[in-house]
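Participant: Chains as they are written, first to last, in the numbering used here: chain F, 1 to 429; chain Z, 430 to 567.
Don't read these hints as lab results, they were simulated from the structure.
We put the beta carbon where it would ideally sit given N, CA and C, even for glycine.
Misleading hints may appear alongside valid ones.
Stated by the list, open to error - Under 8 angstroms between C-beta atoms, here's a sample of chain Z residues computed to sit facing chain F:
no.	residue
1	Y442
2	T445
3	L448
4	A451
5	R473
6	W474
7	H477
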Amino acid sequence: MSDEHRFDTLALHAGAAPDPATGARATPIYQTASFAFRDADHAAALFNLERPGHVYSRLSNPTVAVLEERMAALEGGVGAVACASGQAALHLAIATLMDAGGHVVASRALYGGSHNLLAYTLPRFGIRTTFVDPRDLDAWRTAIGPDTRLLFGETLGNPGLDVLDISRVAGIAHEHGLPLMVDSTFTTPWLMQPITHGADLVMHSATKFLSGHGLVIAGVLVDSGRFDWQASARFPQMTAPYAGFHGLSFAEESDVAAFILRARREGLRDFGACMSPTTAFHVLQGVETLGLRMQRHVANTRRVIEWLRTESGIERIAYPELPDHPDHALAKALLPRGCGAVFSFDVQGGRPAGRRFIEALRLFSHLANVGDARSLVIHPASTTHFRMDAQALAAAGIGEGTIRLSVGLEDVHDLLEDLSRGLAAALKG
Amino acid sequence: MRVALDGTAAYAYTGTRALDRAQPSLVLLHGGEQDHSVWTLHARWFAHHGWNAVTPDLPGHGRSAGAPLASIAAMADWIIRLLDALALDDAVLVGHSMGSLVAIDAAARHPARVRAIALVGCTVPMTLDSSVANPFRR
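Please construct the entire structure, taking both the sequences and the accompanying hints into account.
Facilitator: Next up, the structure:
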């Protein structure tokens, strides 16, 4: 399969061919823990990276490999590792790049799960993070120190959809011999390919738009193959002999895929947060229609926002396509196909109004997820952030009446009717 | 491994094994506009099965410095000088595509240094995409 094909063709075909054993046209689910060796020498050669092939599904699996190749093709990378979750993908990247004593510079506008890992959990293992305003380029630069090993941000930040200026932040990273990793969960490669803007690594929670139907927990980590680990001299993990693999140097083994090779050969082997073949199959079904679905997600989102803007009782809508969003100009340049289908707005009346809004909805599901085919809603002040007072909420960029929507694929007229019902209830109080 | 050759730094992958002059040697030659990485799996297998698996990047390719050599003959002579630099008396040459022509030429003109040749993707004449330099006609 040539990478020369266009996006929607790659989304259906990259990494896959009719099954050589049976002719099955769809990618079969190879639901097996392990793979039989032909003889002792074949086994030894597989273990020692002398032959391509599968040994044990924690390390690689034919169904999972199709998803990995497809995501690498869609992102313009050289390889990918599929993980048990987006959290597992983030952890795998960090654990591959640095040891205790390492340091991350991260956008402060992150998904809460990522923030928890960086702010509270990784420090227990000696890895520190400095959080910066993603729009403040000087803050990125000055936060870099001798122990820094990674810059990390989201294509669209949480919760205000801050648009990461990937090429500028990547430029700062590269000036210091460091890679930039971008979480592209909200945008997917159909809306933006971070590698084309200079990102070195891309991660996804594939639970969201990639799988697209709210079926599975899944993550993907993609290596651009463009970062020069040898030139950086900050990454003995990639360039020095690795005692855990008979003195192998990952950069010696592969000029372009040293990172993803180590992520698999060490990270999946030892941390073990692999993706199951059945999960990979479900994500593949979503990826095959990614372009079609993202168009509809964005179209529905634009229509919902257009409607909200005409309604009274709405105080603020945070969506980068709107002229009053601080990153409006950057979004026009980076995200011409749209700014995704997750956004927040504030209803008048604070916490009680937010609660009434949520409880009146019948079509939007009240739950903690985004990127489902079905429309979703959450009121952070009464759920994910309920312990915070108004001041703490404001520091996190959340108001007491902030509502977050993940706009699905339903008929948009039905969505507007449902939101209309919610708004009426919110304003009744 | 890095080897000083013709005043520049040449690179050869050896399958994570030091060379052992008591073992037979194999030189795996890549094609035009490619590098040693096309042979990584093969080199690792031979390196762990009783062979020296020398897998160079030709000058101007991959990790080897210098300008690309202008002819097949120049590449064949460079391979012989690489054997000299590594103190290897002779080797089996395995060539892919352009590398197969290098193997043929080296065997024809340096028979004492080439024990055998194995050719992968070899045709004569060999045509190339017009977008790349064509050393085969020289």
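Participant: State for each hint whether it applies.
Facilitator: Cross-check of the supplied hints:
1. Given the 8 angstroms rule on beta carbons, the hint for Y442 (chain Z) holds: about 7 angstroms separates it from the nearest Cβ of chain F.
2. For T445 (chain Z), the shortest C-beta to C-beta distance to chain F is roughly 5 angstroms, which falls under 8 angstroms, so the interface hint holds.
3. The closest approach between the C-beta of L448 (chain Z) and any C-beta of chain F is roughly 15 angstroms, which is over the 8 angstroms cut-off, so the hint fails.
4. A distance limit of 8 angstroms between C-beta atoms decides the matter here; for A451 (chain Z) the minimum to chain F is near 20 angstroms, and the interface restraint is violated.
5. Because the closest C-beta pair between R473 (chain Z) and chain F is about 4 angstroms apart, less than 8 angstroms, the hint holds.
6. About 4 angstroms separates the beta-carbon of W474 (chain Z) from the nearest beta-carbon of chain F, less than 8 angstroms, and the hint is met.
7. At its closest, the beta carbon of H477 (chain Z) sits 6 angstroms from a beta carbon of chain F; the interface hint therefore holds under the 8 angstroms criterion.
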